[in-house]
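Throw the hints in and build the complete structure from the sequences for me.
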Amino acid sequence: MKRLMMMLALAAPMAVLSVDAYAATATAAVNNVPEANPQVVVQSAIDSLTARLIKDKKQLQRDPAAMNAVVEQNIAPFVDVPGIARGVMGQYFRQATDAQRDRFTTVFRDSITRTYANGLASYNNEKIVVKPYKPGDDANRAQVDVDMTLSNGNIIPVLFQMQRDGQGVWKARNLIINGLNLGLTFRKRFADVVGQANGNIDKAIDLWSPGPVEAIKGKS
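Numbering of the sequence shown is given in our numbering, commencing with residue 50 and proceeding in unit increments.
It is possible that part of the hints are untrue.
[Said to hold, decoys possible] Ranges between beta-carbon positions, derived for each pair:
#, residue 1, residue 2, range
1, D105, R143, 38 to 46 Å
2, N189, D251, 21 to 29 Å
3, D255, I204, 18 to 26 Å
4, G228, D187, 18 to 26 Å
5, A115, N173, 17 to 25 Å
6, L233, L256, 13 to 21 Å
7, G132, K104, 42 to 50 Å
8, Q216, P184, 37 to 45 Å
9, D151, L199, 37 to 45 Å
[Said to hold, decoys possible] With a straight-line Cα cutoff of 20 Å, these simulated EDC-like cross-link-like pairs (lysine to aspartate or glutamate) come out:
#, residue 1, residue 2
10, K176, D105
11, K183, D194
12, K106, D129
13, K176, D96
14, K237, D255
15, K104, E175
16, K176, D196
17, K180, D96
18, K252, D151
19, K176, D159
20, K252, D241
21, K237, D159
22, K180, D194
23, K176, D194
24, K180, D159
25, K104, E121
26, K106, D194
27, K106, D96
28, K237, D214
29, K183, D196
30, K107, D159
31, K252, D147
32, K252, D159
It should be emphasised that the hints constitute simulated quantities derived from the structure, not laboratory data. Using N, Cα and C, we set each Cβ at its ideal position, and we do this for glycine too.
See the structure below:
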């Protein structure tokens with residue numbers, strides 16, 4: 050489970066899109082120049098994050114609050130957290146009040162931050178390769194493919210689903226790891242929690258956690 054959470058933390062949009070990457074690409078994204086392509090955003094983010102993990106490894110491993118801060122600093126500017134939370138709520142988003150939607154967004158963000166911070170503590174220089182980007186028909190949506198090689202040699206394919214925001218900056222909207230769609234997995238999880246709460250959305254928000262994610266096996 051620890052290795053799985055490390056993979057999620059490194060690959061997931063909540064942990065991988067960094068302040069340094071944004072600083073380097075925000076202006077380019079607005080001007081819609083080649084440097085703003087999503088592959089560059091993902092590569093820069095991974096490079097920045099892993100460099101920080103290696104440099105401050107000992108401190109981060111013994112200081113959970115510092116690791117949480119690393120994750121929290123890399124969320125809001127680069128990930129459409131409200132959009133992701135809306136997708137996780139699924140059909141219940143329409144039933145929820147504005148206050149419930151806002152509260153779940155906060156709870157969702159905090160829960161993912163804690164989960165990914167725990168996972169990042171297990172990072173041990175695993176190899177990460179961002180594949181060349183192939184533009185699709187929609188200029189505002191993109192897919193970036195990444196391969197993560199584990200210490201046992203197994204390769205985990207990771208697919209970033211990216212989308213431009215209103216200012217033209219690429220943000221992560223979903224993640225698929227070895228065929229496991231995290232957005233759909235979390236949506237099912239929320240529906241299950243609502244069921245446990247007998248349809249009470251407030252109680253479901255109180256009970257929310259990302260829950261266990263099925264084991265991901267690397268391909269040869």
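For each hint, the structure was consulted:
1. D105 with R143: 38 to 46 Å: At 43 Å between Cβs, range holds.
2. N189 with D251: 21 to 29 Å: Distance hint for N189, D251 is violated at roughly 35 Å.
3. D255 with I204: 18 to 26 Å: Given range 18 to 26 Å: violated, Cβ gap about 39 Å.
4. G228 with D187: 18 to 26 Å: With a Cβ separation near 22 Å, G228 and D187 satisfy 18 to 26 Å, so the hint holds.
5. A115 with N173: 17 to 25 Å: About 18 Å separates the Cβ atoms of A115 and N173, which means 17 to 25 Å holds.
6. L233 with L256: 13 to 21 Å: 20 Å, holds
7. G132 with K104: 42 to 50 Å: This hint is violated: roughly 32 Å between Cβ atoms.
8. Q216 with P184: 37 to 45 Å: Violated - the Cβ-Cβ distance for Q216 and P184, about 20 Å, lies outside 37 to 45 Å.
9. D151 with L199: 37 to 45 Å: 38 Å Cβ-Cβ, so the 37 to 45 Å window holds.
10. K176 with D105: The hint holds at about 18 Å.
11. K183 with D194: Judged against 20 Å, a Cα distance of about 10 Å means the pair holds.
12. K106 with D129: Since the Cα atoms of K106 and D129 sit roughly 28 Å apart, the hinted pair is violated (cutoff 20 Å).
13. K176 with D96: 11 Å, holds
14. K237 with D255: Holds, at roughly 17 Å.
15. K104 with E175: 15 Å, holds
16. K176 with D196: 8 Å, holds
17. K180 with D96: 14 Å, holds
18. K252 with D151: Roughly 15 Å between the alpha carbons, so the hint for K252 and D151 holds.
19. K176 with D159: 28 Å, violated
20. K252 with D241: Holds, because 12 Å separates the two Cα atoms, which is no more than 20 Å.
21. K237 with D159: 19 Å, holds
22. K180 with D194: 6 Å, holds
23. K176 with D194: 14 Å, holds
24. K180 with D159: 30 Å, violated
25. K104 with E121: Holds, at roughly 18 Å.
26. K106 with D194: Distance ~27 Å between K106 and D194 Cα, so the pair is violated.
27. K106 with D96: Measuring from Cα to Cα gives roughly 15 Å; hence the hint holds.
28. K237 with D214: Distance ~26 Å between K237 and D214 Cα, so the pair is violated.
29. K183 with D196: 16 Å, holds
30. K107 with D159: 24 Å, violated
31. K252 with D147: 16 Å, holds
32. K252 with D159: 17 Å, holds
The structure fails hints 2, 3, 7, 8, 12, 19, 24, 26, 28 and 30 (numbered hints given earlier, in ascending order).
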